[in-house]
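Based on the provided sequences and hints, a complete structural model is requested.
If you're matching them up, the sequences are chains A and B in order.
The letter at position 466 of the first sequence is residue 466 when you use the working numbering, and the numbering goes up by one with no holes.
The letter at position 149 of the second sequence is residue 149 when you use the working numbering, and the numbering goes up by one with no holes.
Hints are computed from structural coordinates only; laboratory data are not their basis.
Among the clues, some could well be false.
Copies of the same chain look alike in the list, so a pair counts if it fits in one copy or across any two.
[As the list claims (entries may be wrong)] Lysine to any residue pairs mimicking SDA-like chemistry, simulated, CA-CA at most 20 Å apart:
no., residue 1, residue 2
1, K122, A299
2, K448, V106
3, K122, G132
4, K162, A107
5, K162, A109
6, K122, M326
7, K122, L300
8, K162, A218
9, K162, F134
10, K272, P319
11, K448, V371
12, K122, W144
Bear in mind the structure is a predicted one, so any value in this text is a computation, not a measurement.
2 protein chains.
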Amino acid sequence: MRRVTTLTPPWVGELIGALGPDSVLTDPDVTAAYARDQAMLAEAGMPAAVVLPRSTAEVSAVMQVASRHGVPVVPRGAGSGLVGAANAVDGCITLVTTRMDAVLEVAPADRLAVVQPGVVNKTLRDAVRAHGLFYPPDPASYDWCTLGGNLAVNSGGLCCVKYGVTTDYVLGLEVVLADGRVLRTGRRTVKGVAGYDLARLFVGSEGTLGVITEATVALRPAPAAPVTLVASFPTSAQTGQVVESVVTSGLVPSMLEVMDRTCIRAVDDVMKADLDRDAAALVLAQSDSGGAAATAEIALLTRLCEEAGADFVHSTDDPAEGDLLMAARRMALPALERLGSVLLDDVAVPRSQVATFIDGCVAVAADAGLVIGVVGHAGDGNMHPTVVFDAADADQRTRAFAAFDAILELGLSLGGTVTGEHGVGTLKADWLEREIGPVSLSVHQAIKQALDPGGLLNPGKMFRRAHVGDLAAVGGLSAQS
Amino acid sequence: MRRVTTLTPPWVGELIGALGPDSVLTDPDVTAAYARDQAMLAEAGMPAAVVLPRSTAEVSAVMQVASRHGVPVVPRGAGSGLVGAANAVDGCITLVTTRMDAVLEVAPADRLAVVQPGVVNKTLRDAVRAHGLFYPPDPASYDWCTLGGNLAVNSGGLCCVKYGVTTDYVLGLEVVLADGRVLRTGRRTVKGVAGYDLARLFVGSEGTLGVITEATVALRPAPAAPVTLVASFPTSAQTGQVVESVVTSGLVPSMLEVMDRTCIRAVDDVMKADLDRDAAALVLAQSDSGGAAATAEIALLTRLCEEAGADFVHSTDDPAEGDLLMAARRMALPALERLGSVLLDDVAVPRSQVATFIDGCVAVAADAGLVIGVVGHAGDGNMHPTVVFDAADADQRTRAFAAFDAILELGLSLGGTVTGEHGVGTLKADWLEREIGPVSLSVHQAIKQALDPGGLLNPGKMFRRAHVGDLAAVGGLSAQS
Numbered sequence: 001m002r003r004v005t006t007l008t009p010p011w012v013g014e015l016i017g018a019l020g021p022d023s024v025l026t027d028p029d030v031t032a033a034y035a036r037d038q039a040m041l042a043e044a045g046m047p048a049a050v051v052l053p054r055s056t057a058e059v060s061a062v063m064q065v066a067s068r069h070g071v072p073v074v075p076r077g078a079g080s081g082l083v084g085a086a087n088a089v090d091g092c093i094t095l096v097t098t099r100m101d102a103v104l105e106v107a108p109a110d111r112l113a114v115v116q117p118g119v120v121n122k123t124l125r126d127a128v129r130a131h132g133l134f135y136p137p138d139p140a141s142y143d144w145c146t147l148g149g150n151l152a153v154n155s156g157g158l159c160c161v162k163y164g165v166t167t168d169y170v171l172g173l174e175v176v177l178a179d180g181r182v183l184r185t186g187r188r189t190v191k192g193v194a195g196y197d198l199a200r201l202f203v204g205s206e207g208t209l210g211v212i213t214e215a216t217v218a219l220r221p222a223p224a225a226p227v228t229l230v231a232s233f234p235t236s237a238q239t240g241q242v243v244e245s246v247v248t249s250g251l252v253p254s255m256l257e258v259m260d261r262t263c264i265r266a267v268d269d270v271m272k273a274d275l276d277r278d279a280a281a282l283v284l285a286q287s288d289s290g291g292a293a294a295t296a297e298i299a300l301l302t303r304l305c306e307e308a309g310a311d312f313v314h315s316t317d318d319p320a321e322g323d324l325l326m327a328a329r330r331m332a333l334p335a336l337e338r339l340g341s342v343l344l345d346d347v348a349v350p351r352s353q354v355a356t357f358i359d360g361c362v363a364v365a366a367d368a369g370l371v372i373g374v375v376g377h378a379g380d381g382n383m384h385p386t387v388v389f390d391a392a393d394a395d396q397r398t399r400a401f402a403a404f405d406a407i408l409e410l411g412l413s414l415g416g417t418v419t420g421e422h423g424v425g426t427l428k429a430d431w432l433e434r435e436i437g438p439v440s441l442s443v444h445q446a447i448k449q450a451l452d453p454g455g456l457l458n459p460g461k462m463f464r465r466a467h468v469g470d471l472a473a474v475g476g477l478s479a480q481s
Numbered sequence: 001m002r003r004v005t006t007l008t009p010p011w012v013g014e015l016i017g018a019l020g021p022d023s024v025l026t027d028p029d030v031t032a033a034y035a036r037d038q039a040m041l042a043e044a045g046m047p048a049a050v051v052l053p054r055s056t057a058e059v060s061a062v063m064q065v066a067s068r069h070g071v072p073v074v075p076r077g078a079g080s081g082l083v084g085a086a087n088a089v090d091g092c093i094t095l096v097t098t099r100m101d102a103v104l105e106v107a108p109a110d111r112l113a114v115v116q117p118g119v120v121n122k123t124l125r126d127a128v129r130a131h132g133l134f135y136p137p138d139p140a141s142y143d144w145c146t147l148g149g150n151l152a153v154n155s156g157g158l159c160c161v162k163y164g165v166t167t168d169y170v171l172g173l174e175v176v177l178a179d180g181r182v183l184r185t186g187r188r189t190v191k192g193v194a195g196y197d198l199a200r201l202f203v204g205s206e207g208t209l210g211v212i213t214e215a216t217v218a219l220r221p222a223p224a225a226p227v228t229l230v231a232s233f234p235t236s237a238q239t240g241q242v243v244e245s246v247v248t249s250g251l252v253p254s255m256l257e258v259m260d261r262t263c264i265r266a267v268d269d270v271m272k273a274d275l276d277r278d279a280a281a282l283v284l285a286q287s288d289s290g291g292a293a294a295t296a297e298i299a300l301l302t303r304l305c306e307e308a309g310a311d312f313v314h315s316t317d318d319p320a321e322g323d324l325l326m327a328a329r330r331m332a333l334p335a336l337e338r339l340g341s342v343l344l345d346d347v348a349v350p351r352s353q354v355a356t357f358i359d360g361c362v363a364v365a366a367d368a369g370l371v372i373g374v375v376g377h378a379g380d381g382n383m384h385p386t387v388v389f390d391a392a393d394a395d396q397r398t399r400a401f402a403a404f405d406a407i408l409e410l411g412l413s414l415g416g417t418v419t420g421e422h423g424v425g426t427l428k429a430d431w432l433e434r435e436i437g438p439v440s441l442s443v444h445q446a447i448k449q450a451l452d453p454g455g456l457l458n459p460g461k462m463f464r465r466a467h468v469g470d471l472a473a474v475g476g477l478s479a480q481s
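Structure representation (structure tokens):
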């Protein structure tokens with residue numbers, strides 16, 4: 001412990017007593033590193049203390065101290081989040097799960113694994129691969145994000161068009177409640193209907209209902225090596241037509257991604273990957289069905305791309321070429337970030353609306369006079385239009401925020417949601433209210449009240465705080481490039 | 001309205017005012033038909049009124065009358081349930097959803113359908129098949145059970161080993177809350193993380209949190225026609241070994257069912273299907289992967305059955321022969337019911353424990369000196385051991401109940417659950433408490449209290465009532481053959 005000054009709250013001693021001094025950080029130079037996630041727009045305060053518990057019992061001890069003293073607790077994994085859901089509020093305890101990083105069990109005969117929340121997504125993927133198994137959810141940050149965070153926001157990724165999202169893999173959870181009690185819910189069985197589905201209530205609740213300390217997750221047999229297809233199109237909306245024809249044809253590719261010319265060029269600038277810089281948009285798709293099934297799926301995909309007006313279609317089962325194309329897709333956002341500050345949208349629309357949505361984004365960009373790179377998981381309708389702007393230019397900044405909002409508006413108007421996989425956090429609390437409406441909001445609040453009557457768990461996330469004055473003063477709306 | 005006597009509660013007039021006289025039944029001769037589901041052991045009272053609303057607005061009106069007067073409401077579909085979850089309590093309003101039976105929409109480009117709760121499962125299956133689509137959940141009563149009931153207990157069926165259960169297909173719900181407000185939650189998109197997963201909280205909540213009045217469900221592309229395999233074994237536990245080797249081999253059949261000699265002979269007595277009456281157990285499996293993939297899957301299944309010690313393995317792509325085998329499997333329970341009164345268990349165990357569980361059931365049968373037919377969805381570990389007994393023989397009856405409980409005990413001891421797909425209802429409220437423990441029970445109760453503070457919705461289901469005196473006097477534990 002450095003600099004435990006008189007400003008240190010009295011309950012810090014209780015935390016140190018419970019966890020030991022090396023697990024409780026209060027030096028502002030150190031704790032600042034835990035104050036924010038990757039969200040550019042999100043408010044953030046400063047924690048009074050950062051705790052790094054090593055066990056469920058230590059998490060429980062933290063919650064007991066917090067509830068005794070009425071201190072807010074912000075749970076946090078690696079900080080890869082994109083909506084400020086793990087951002088500190090002033091004076092809080094930030095509870096970091098990264099030391100609880102054990103893969104406790106891999107059980108091939110039950111096709112499941114048991115993990116602590118600090119396990120990195122990729123660590124689990126690698127651990128189960130040795131058993132011929134597969135943990136599908138693969139958010140962009142899979143090589144550094146933690147499963148606790150994935151659970152908290154119900155992460156998706158590139159896999160979802162065939163394999164679904166995080167909640168589809170959750171069998172059971174251990175959760176420390178606001179008052180420190182330890183809840184175990186769910187099961188190790190494939191099926192089970194004994195009681196409410198509490199596990200899936202906690203998944204996606206962004207740390208507002210409890211702190212997940214263990215998860216039992218279902219696994220799948222490892223799929224075959226993928227065959228990858230790339231197709232280029234003269235208009236971006238044609239890629240939406242591909243999505244619709246894929247859906248209606250009954251095809252289920254293991255990946256179906258889109259990026260537009262802005263993204264193609266930004267990626268190509270970084271990677272020198274010989275992408276088709278003149279294409280209006282690319283579709284990247286995979287089949288992991290193996291053998292003749294993969295061949296048939298890729299043949300059908302090829303035909304559907306051609307029918308939608310593709311200039312060029314190419315497929316490959318060469319792993320190196322496939323990996324390069326995947327890397328190009330995963331580079332889209334980092335490459336856009338080199339062009340300026342970015343506002344990353346996360347709208348999911350019904351799949352029949354993808355083409356209309358892409359057209360709408362083009363119109364929003366034209367109205368705003370800004371570049372909007374359209375990239376996303378088109379196969380499941382979850383798109384990430386990304387507004388690029390100069391944060392130092394007040395006018396551009398205003399137009400960028402307006403464009404960001406216009407895209408959310410467009411998504412809602414098409415029957416979509418303001419967040420497909422990133423979460424609500426502080427960033428979209430107002431939009432949540434708009435999307436779900438007053439009845440649903442009141443049900444949310446009744447459940448929040450039932451499980452966390454003191455409002456200690458991650459205040460200001462998902463729901464607006466009644467009083468945000470000092471919070472806004474510290475963090476406010478800020479943008480980083 | 002016949003016989004609206006002075007015993008009719010005063011609020012019945014309000015129901016008639018809201019719904020019209022043809023939608024409100026109070027004649028005990030008529031309402032008795034709505035007092036029970038198919039559960040033999042479950043308590044049941046007599047409703048004061050049965051209402052058959054035609055719209056969400058009418059359901060809302062019923063809940064408003066009920067909450068104004070503090071009248072319990074028991075939601076009910078076709079009454080095919082197996083745990084008494086739809087059984088009346090004395091003086092309640094039984095709310096029957098069967099008149100809300102419209103398939104409101106089938107949207108192939110979004111692979112979803114929108115249905116009212118009174119739609120029969122098979123009706124939806126048939127409606128979407130015309131679009132080349134598939135609604136997987138297929139409980140045994142699929143040709144008469146309603147989707148509202150399926151949602152209320154999160155039904156499974158034969159499909160689950162490959163396709164999961166009802167909750168895996170729920171995108172959005174409309175729910176009338178205890179106070180009559182109408183909640184819409186969830187979405188039409190594949191992905192979405194805006195707010196808590198309320199839809200999956202209501203699914204499986206057995207009508208204790210709200211009345212589901214509409215559901216948006218995901219569909220899948222119709223699979224290929226199945227190839228069916230049947231294998232016979234000299235011991236029933238060998239079929240559990242097949243399950244384990246299927247799981248560890250990475251195979252995902254579209255069906256993997258087991259029935260033992262008791263079931264085989266009972267079915268063959270009814271169907272004269274030329275089943276192998278001397279086999280200790282049969283495995284029935286299917287692949288719906290089509291073409292070469294199905295051939296490969298069935299070849300692997302054949303090898304795994306042989307390695308587990310099968311006496312005989314046969315596969316067929318003849319639809320008539322496959323249908324006959326499926327019919328034989330579906331006949332197991334009705335055929336057992338011809339032998340006497342039955343107590344139907346519904347234990348799900350981890351798949352690695354299926355063989356041990358089957359062995360344990362054999363031991364329970366021997367201890368009880370009773371016949372227990374073992375049948376179930378072995379591929380997902382959800383087994384339905386069925387105790388056969390003479391209900392008129394008090395001693396047999398006592399032993400049968402003890403055997404039923406011993407099987408639940410065995411399931412829990414193997415890391416399983418007391419209900420894989422039938423639900424808790426009144427039948428297993430005590431077992432629920434045992435399975436989930438006091439912390440989870442208190443979280444359940446907090447959520448129940450938050451959403452239904454008056455305790456009006458389906459009282460005594462899932463959770464024990466504080467006062468069950470008059471209820472037990474009316475219904476009590478009864479068995480039917």
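Hint check:
1. K122 - A299: Neither: 31 Å inside a chain and 34 Å across chains, both beyond 20 Å.
2. K448 - V106: neither (33 Å within a copy, 35 Å between copies)
3. K122 - G132: within (15 Å within a copy, 37 Å between copies)
4. K162 - A107: Answer is between; shortest inter-copy Cα gap is 19 Å, intra-copy 23 Å.
5. K162 - A109: between (23 Å within a copy, 16 Å between copies)
6. K122 - M326: within (16 Å within a copy, 42 Å between copies)
7. K122 - L300: Answer is neither; intra-copy 32 Å and inter-copy 31 Å both fail.
8. K162 - A218: Close inside one copy (15 Å) and across copies (13 Å); limit 20 Å.
9. K162 - F134: both (13 Å within a copy, 16 Å between copies)
10. K272 - P319: within (19 Å within a copy, 55 Å between copies)
11. K448 - V371: neither (40 Å within a copy, 49 Å between copies)
12. K122 - W144: Answer is within; shortest intra-copy Cα gap is 7 Å, inter-copy 46 Å.
Checked against the numbered hints above, the structure violates hints 1, 2, 7 and 11; every other hint is satisfied.
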